[in-house]
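Listed below, chain by chain, are the residues.
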Amino acid sequence: MKETRDSIQDIWGQRTGYEGDWPVRVDERIEEEPDHWVQSACVLCSNGCGMDIGVKDGRIVGVRGRAVDSVNHGRLGPKGLHGWVANNSQDRLTRPLIRRNGKLEEASWNEAMDLIVQKSKELVEKHTASSIGFYTSGQLFLEEYYALGIVGKAGLGTPHMDGNTRLCTATAAAALKVSFGSDGQPGSYSDLDTTEAILHVGHNIASQQTVLWMRVLDRLAGPNPPKLVVIDPRATYTAEKATVHLAPRVGTNVPVMNGILNLIIQAGQINQEYIEAHTVGFEELKQIVAKWTPERVEHLSGVPAAKLREAAHILGTCKTLVSTALQGVYQSMQATAAAVQVNNLHLLRGLLGHPGSGIYQMNGQPTAQNTRECGADGDLPGFRNWGNEDHIKELAALWNLHPDQIPHWAPPTHAMQIWRYCEQGSIKLLWISGTNPLVSLPDLDRARKIPAKEDLFVIVQDAFPTETTALADVVLPAAIWGEKTGCFTNVGRTVHISHKAIDPPGEARSDFDIFVDYSRRMDFRDQDGNSLLTSTWQTTEDAFNAWRECTRGRPCDYTGLSYAKLTGGSGIQWPCNEQYPDGKKHLYEDGVFNTNIDYCETYGHDLETGAARNQDDYKLIDPKGKAFLKGIDYEPPHEVPDKQYPLWLTTGRVVFHFHTRTKTGRSKALQEAAPDSYVQLSTEDAACYGIADGDMVEVVSRRGKVLEPARVGDIEPGLIFIPFHYGYWDKADRPRAVNELTLTEWDPVSKQPHYKYAAVHIRKVNA
Amino acid sequence: MQLPHYLGLLENSEKQLMEAFEYVADKHKDEPDIEQMCQKLSAWSREHHGRTQAFVAKYSEEKEDEPDKLKRELFAKKRKGSLALLRDLHDLWLLTQEVHLCWVVIRQAALGLRDEDLKACYEFCNARTQRQADWLLSRIKQAAPQTLLVAE
Ligand code: SF4
Numbered sequence: 022m023k024e025t026r027d028s029i030q031d032i033w034g035q036r037t038g039y040e041g042d043w044p045v046r047v048d049e050r051i052e053e054e055p056d057h058w059v060q061s062a063c064v065l066c067s068n069g070c071g072m073d074i075g076v077k078d079g080r081i082v083g084v085r086g087r088a089v090d091s092v093n094h095g096r097l098g099p100k101g102l103h104g105w106v107a108n109n110s111q112d113r114l115t116r117p118l119i120r121r122n123g124k125l126e127e128a129s130w131n132e133a134m135d136l137i138v139q140k141s142k143e144l145v146e147k148h149t150a151s152s153i154g155f156y157t158s159g160q161l162f163l164e165e166y167y168a169l170g171i172v173g174k175a176g177l178g179t180p181h182m183d184g185n186t187r188l189c190t191a192t193a194a195a196a197l198k199v200s201f202g203s204d205g206q207p208g209s210y211s212d213l214d215t216t217e218a219i220l221h222v223g224h225n226i227a228s229q230q231t232v233l234w235m236r237v238l239d240r241l242a243g244p245n246p247p248k249l250v251v252i253d254p255r256a257t258y259t260a261e262k263a264t265v266h267l268a269p270r271v272g273t274n275v276p277v278m279n280g281i282l283n284l285i286i287q288a289g290q291i292n293q294e295y296i297e298a299h300t301v302g303f304e305e306l307k308q309i310v311a312k313w314t315p316e317r318v319e320h321l322s323g324v325p326a327a328k329l330r331e332a333a334h335i336l337g338t339c340k341t342l343v344s345t346a347l348q349g350v351y352q353s354m355q356a357t358a359a360a361v362q363v364n365n366l367h368l369l370r371g372l373l374g375h376p377g378s379g380i381y382q383m384n385g386q387p388t389a390q391n392t393r394e395c396g397a398d399g400d401l402p403g404f405r406n407w408g409n410e411d412h413i414k415e416l417a418a419l420w421n422l423h424p425d426q427i428p429h430w431a432p433p434t435h436a437m438q439i440w441r442y443c444e445q446g447s448i449k450l451l452w453i454s455g456t457n458p459l460v461s462l463p464d465l466d467r468a469r470k471i472p473a474k475e476d477l478f479v480i481v482q483d484a485f486p487t488e489t490t491a492l493a494d495v496v497l498p499a500a501i502w503g504e505k506t507g508c509f510t511n512v513g514r515t516v517h518i519s520h521k522a523i524d525p526p527g528e529a530r531s532d533f534d535i536f537v538d539y540s541r542r543m544d545f546r547d548q549d550g551n552s553l554l555t556s557t558w559q560t561t562e563d564a565f566n567a568w569r570e571c572t573r574g575r576p577c578d579y580t581g582l583s584y585a586k587l588t589g590g591s592g593i594q595w596p597c598n599e600q601y602p603d604g605k606k607h608l609y610e611d612g613v614f615n616t617n618i619d620y621c622e623t624y625g626h627d628l629e630t631g632a633a634r635n636q637d638d639y640k641l642i643d644p645k646g647k648a649f650l651k652g653i654d655y656e657p658p659h660e661v662p663d664k665q666y667p668l669w670l671t672t673g674r675v676v677f678h679f680h681t682r683t684k685t686g687r688s689k690a691l692q693e694a695a696p697d698s699y700v701q702l703s704t705e706d707a708a709c710y711g712i713a714d715g716d717m718v719e720v721v722s723r724r725g726k727v728l729e730p731a732r733v734g735d736i737e738p739g740l741i742f743i744p745f746h747y748g749y750w751d752k753a754d755r756p757r758a759v760n761e762l763t764l765t766e767w768d769p770v771s772k773q774p775h776y777k778y779a780a781v782h783i784r785k786v787n788a
Numbered sequence: 006m007q008l009p010h011y012l013g014l015l016e017n018s019e020k021q022l023m024e025a026f027e028y029v030a031d032k033h034k035d036e037p038d039i040e041q042m043c044q045k046l047s048a049w050s051r052e053h054h055g056r057t058q059a060f061v062a063k064y065s066e067e068k069e070d071e072p073d074k075l076k077r078e079l080f081a082k083k084r085k086g087s088l089a090l091l092r093d094l095h096d097l098w099l100l101t102q103e104v105h106l107c108w109v110v111i112r113q114a115a116l117g118l119r120d121e122d123l124k125a126c127y128e129f130c131n132a133r134t135q136r137q138a139d140w141l142l143s144r145i146k147q148a149a150p151q152t153l154l155v156a157e
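Taken in order, these protein sequences are the chains called A and B.
Using this note's numbering, the first residue of the first sequence is number 22, and each one after it goes up by one.
Using this note's numbering, the first residue of the second sequence is number 6, and each one after it goes up by one.
Among the hints, erroneous ones may be present.
[What the hints assert, rightly or not] Simulated pairs of lysine to aspartate or glutamate, EDC-like, Cα-Cα distance not exceeding 20 angstroms:
(1) B:LYS146 / A:ASP638
(2) B:LYS146 / A:GLU410
(3) B:LYS34 / A:GLU444
(4) B:LYS45 / A:GLU660
(5) A:LYS664 / A:GLU562
(6) A:LYS262 / A:ASP214
(7) B:LYS32 / A:GLU444
(8) A:LYS785 / A:GLU705
(9) A:LYS470 / B:ASP35
(10) B:LYS146 / A:GLU629
(11) A:LYS785 / A:ASP697
(12) A:LYS474 / B:GLU157
(13) B:LYS45 / A:ASP627
(14) A:LYS605 / A:ASP214
(15) A:LYS474 / B:ASP35
(16) B:LYS20 / B:ASP31
It is worth saying that the hints were derived from the structure and are not from the lab.
From a predicted model like this one, the values you see are computed outputs, not experimental measurements.
Whenever a hint applies, use it, and build me the whole structure from the sequences.
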């Protein structure tokens with residue numbers, strides 16, 4: 022065993038203070054000396070650190086960071102250094118399973134696929150393709166999503182396609198679309214190398230993207246450190262380093278952001294020229310935020326007026342600024358509206374499209390960007406607009422179909438609605454790939470009943486047995502990262518290739534092979550009677566090349582990329598095409614946004630109700646390349662603490678785990694570092710309830726209850742926190758999944774569920 | 006002067022709409038977005054109803070029960086199954102049109118009377134009535150294909 026650093030003890034490693042060029046540090050951890058290294062990138066969060074996989078005798082034996090990679094400059098975090106161990110775990114799924122007489126039994130691929138095809142054909146015949154739904158992930162590869170997108174949207178023609186990305190990054194996409202007309206992060210990580218100020222809103226970057234946080238820490242340790250503003254109700258690792266930490270009450274992001282914008286406008290720190298030349302909606306926004314004086318913000322959010330002023334002063338005077346937002350915004354009330362306020366801050370100050378300034382509407386999962394780009398979720402491939410007939414025609418031409426084959430007659434069905442249709446019985450076949458909804462969905466008691474329904478045929482494609490595979494009718498064993506070749510794109514538009522390093526275990530197949538096989542067996546045809554595009558693909562490279570064509574002329578232009586170009590060096594940012602052969606660091610350099618009526622990805626929504634606007638509505642407001650400044654007033658959360666349920670519950674992550682731990686829980690080191698769930702509560706509340714560290718606490722909401730050991734301190738009184746990673750596949754002796762408690766409701770625009778608040782009561786129980 | 010007649014009509018329509026949103030929110034609790042949004046939109050109508058009171062008082066009210074009948078007609082049948090949601094949203098949309106039309110008529114009078122307060126009230130309320138209708142239409146479009154083609 023060799024490791025360059027102990028990332029469990031020292032999560033972020035040694036400081037290399039800097040300003041300008043982030044020094045390289047190669048982090049490596051191997052269990053044996055590899056005979057060769059294979060180029061890849063990490064798939065355990067949206068950062069997408071470039072890494073090499075060490076292989077010996079056909080097994081993965083370790084990883085090292087890629088020094089040349091622009092994302093991480095060689096560094097890796099604890100999940101990256103330890104997560105690969107899961108590939109080798111003994112309990113991988115290796116054969117298809119079919120439920121017979123109530124029990125899952127081993128079957129051949131032929132049997133399993135035949136059954137799926139027979140079921141699909143029957144349903145399409147009897148109930149149309151709208152009786153079939155897909156629920157995918159943020160962890161597959163680009164080629165797999167594109168295959169899935171075509172199979173679902175062109176082959177079957179179902180509008181019911183989404184993924185768990187709805188739970189984690191839907192608001193990122195929605196907020197970017199609202200302001201700029203399309204998805205796509207405007208800046209680059211390199212902006213952090215020189216920026217004067219950083220704002221993190223509801224984004225515990227230190228735990229979520231440890232390597233990106235190393236970059237921030239290194240800036241803080243170097244000359245001219247940036248000022249750091251953190252908005253988070255908890256005293257997280259990130260908050261500890263803040264120049265100013267604002268800890269608003271749950272659900273008050275909008276007032277706090279409105280308050281900051283108001284101060285900046287009042288102080289005349291806005292860029293009037295930029296606003297006039299490149300935005301629409303300033304006067305309305307000004308009116309909305311004008312009501313939010315620091316005192317009013319303090320009254321509602323608990324953030325002291327003086328602190329709000331301090332934060333606004335930093336954000337209003339810095340000459341460059343990088344802002345990030347994540348689940349603290351996205352999974353709260355008024356998610357899209359609050360996220361948009363971060364965009365507004367940059368637009369008002371003209372801090373966009375140049376080095377040192379950028380916005381990250383962060384993603385959670387590693388390949389969520391591709392789920393959105395490739396049409397495996399509610400979006401259309403290449404950021405096309407489902408309300409725009411011409412965009413539908415472009416897709417139809419690419420796939421050689423009649424445009425009406427592609428479902429665009431209604432808004433694409435979002436994840437929670439897909440589950441609702443399953444619950445009601447109008448979706449009769451649900452195909453889940455690469456995710457474990459029975460831990461990650463809200464209100465688990467309700468969710469669990471759905472796959473168990475007699476009239477719903479459930480296919481689950483995964484690498485490991487999970488809470489969800491346990492309820493499936495067919496289980497397909499999937500090959501994962503390291504066992505297949507494909508590309509994926511991190512949150513910063515950086516595309517990486519991940520080469521196949523080893524063979525998958527047993528009969529496991531890649532998601533790509535499974536979708537292509539399904540396409541062939543279903544015998545999907547184009548309008549000339551030839552095989553549908555997916556059925557013609559032999560390799561993932563074929564799919565990648567087809568994908569490039571699909572992106573031509575769109576914001577996410579991949580036409581300049583190829584497997585060859587992505588192999589050997591750093592990841593490359595889209596757009597990458599003739600004009601920008603090496604990719605592009607900043608979007609919107611010229612202040613021209615993707616809002617033109619022919620180009621935009623959406624015609625927008627009413628931010629408050631979510632009502633979709635159509636092309637005719639948009640004609641009246643077509644800003645022709647200007648960005649939208651939009652805002653709304655505060656609306657209180659739908660469930661608030663009361664006598665019976667007096668405390669706020671919020672949820673979040675821990676540094677050592679990813680998602681429902683199907684991978685990280687199988688790494689001994691990560692598992693030992695964070696073996697179990699817990700409830701964090703303030704010293705004041707602990708005293709009031711007579712709870713000490715380690716005591717077992719019962720937490721009850723209107724929907725369910727859990728039992729968690731207590732952890733006291735570092736949180737505001739009145740608020741408790743439980744991490745979301747823990748379910749039952751490895752420990753089923755007590756209710757512990759926090760989603761037993763959470764609410765089924767969602768943001769009206771992004772349709773992302775509100776995980777960040779619920780009212781609960783607690784009591785100490787005897788162990 | 007027949008303005009009081011229309012103000013009465015408006016006031017009552019807005020009340021019917023408020024109650025109908027409330028009714029649909031409650032009836033379709035299992036659809037979380039319906040429950041939340043209908044409650045919110047019901048609150049909008051409550052506020053509109055409140056705002057019209059001043060003008061009803063100013064121009065003296067004449068009781069109008071036409072909208073009651075309209076609502077009774079619209080939500081007449083006990084609907085069950087997946088069609089129920091679509092039909093209930095459909096009826097809500099019709100009620101918003103009743104409110105909207107009352108406002109169109111009253112606005113003409115407000116212009117003639119040069120009643121700036123009534124005009125301002127129109128601007129505020131009617132814009133939101135439009136947004137209520139927009140939301141309903143969006144949601145109807147979403148529900149329609151599944152309800153008509155697949156659901157039983
Ligand atoms: S920061 Fe994210 S991508 Fe990088 S090593 Fe850690 S988990 Fe992997």
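Violations among the numbered hints:
5
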